[in-house]
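> Sequence:
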Amino acid sequence: MYELKDLYQEVIVDHNRSPRNFGKLPEASHVLEGYNPLCGDRLTLYLNLKDNKIENIAFDGSGCAISVASASLMTEAIKGKKTNEAEGIFQSFHEMVTSDSAVMDYDKMGKLVAIAGVRDYPTRVKCATLCWHTLHSLIKGDAAPVSTE
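At position 46 of the sequence shown (counting the first as 1) the number is 31 in my numbering, and the numbers step up by one without a gap.
In short, the hints are calculated from the structure, not lab data. Just so you know, even glycine gets a beta-carbon here, dropped at the ideal spot from N, CA and C. Check the hints yourself; a few may be wrong.
Subject to a maximum C-alpha distance of 30 Å in a straight line, what follows is the list of computed BS3-like cross-link-like pairs (lysine-lysine) [as the list claims (entries may be wrong)]: (1) Lys64 x Lys(-10); (2) Lys93 x Lys66; (3) Lys38 x Lys67; (4) Lys96 x Lys64; (5) Lys67 x Lys96; (6) Lys(-10) x Lys35; (7) Lys125 x Lys(-10); (8) Lys93 x Lys9; (9) Lys93 x Lys64; (10) Lys9 x Lys66; (11) Lys67 x Lys93.
Taking CB as the label site, the calculated pair distances span [unchecked claim]: (12) Thr83 x Asp(-1): 23 to 29 Å; (13) Gly65 x Lys125: 26 to 32 Å; (14) Lys125 x Lys9: 30 to 36 Å; (15) Glu12 x Glu72: 19 to 25 Å; (16) Asp(-9) x Lys35: 26 to 32 Å; (17) Ala129 x Asp36: 21 to 27 Å; (18) Thr108 x Asp45: 21 to 27 Å.
Based on the provided sequences and hints, a complete structural model is requested.
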């Protein structure tokens, strides 16, 4: 039987090797770039927003396994959500990967909990949160590229 840590590792490897919602989104209403200079992760996030709902989302770019898996998992978690719901998931995710006292809400976070272990590796937190900070900036209407530094 798999240990939970092994299962999480499997989720990360799967989403890195076969990222979901990877590629450009021609009909995107919002596009923003994100960059993590420490690790070299670069991504472009594409959103199709309609009536404050994320109708479609995609990303492209390159990065480490954590960065790509996090972006893939994020797109699955927020597609079809209202922007305020996506912001709530962003806040919960950020707390989960930065706080030792964060309570793991498996029902709310789903497969996103696979990324929680990065909190033990501070340099990897930036890899895991790059796509989320890019999403947050995009929803707020910021036009400047996002940097984790």
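> Does each hint hold? Answer for all of them.
Hint-by-hint comparison with the structure:
| no. | hint | in the structure |
| --- | --- | --- |
| 1 | Lys64 x Lys(-10) | holds, 26 Å |
| 2 | Lys93 x Lys66 | holds, 13 Å |
| 3 | Lys38 x Lys67 | holds, 4 Å |
| 4 | Lys96 x Lys64 | holds, 14 Å |
| 5 | Lys67 x Lys96 | holds, 19 Å |
| 6 | Lys(-10) x Lys35 | violated, 38 Å |
| 7 | Lys125 x Lys(-10) | violated, 34 Å |
| 8 | Lys93 x Lys9 | holds, 28 Å |
| 9 | Lys93 x Lys64 | holds, 15 Å |
| 10 | Lys9 x Lys66 | holds, 20 Å |
| 11 | Lys67 x Lys93 | holds, 15 Å |
| 12 | Thr83 x Asp(-1): 23 to 29 Å | holds, 24 Å |
| 13 | Gly65 x Lys125: 26 to 32 Å | violated, 20 Å |
| 14 | Lys125 x Lys9: 30 to 36 Å | violated, 22 Å |
| 15 | Glu12 x Glu72: 19 to 25 Å | holds, 23 Å |
| 16 | Asp(-9) x Lys35: 26 to 32 Å | violated, 40 Å |
| 17 | Ala129 x Asp36: 21 to 27 Å | holds, 25 Å |
| 18 | Thr108 x Asp45: 21 to 27 Å | holds, 24 Å |
In this structure, the earlier hints numbered 6, 7, 13, 14, 16 are contradicted, and the remaining ones agree with it.
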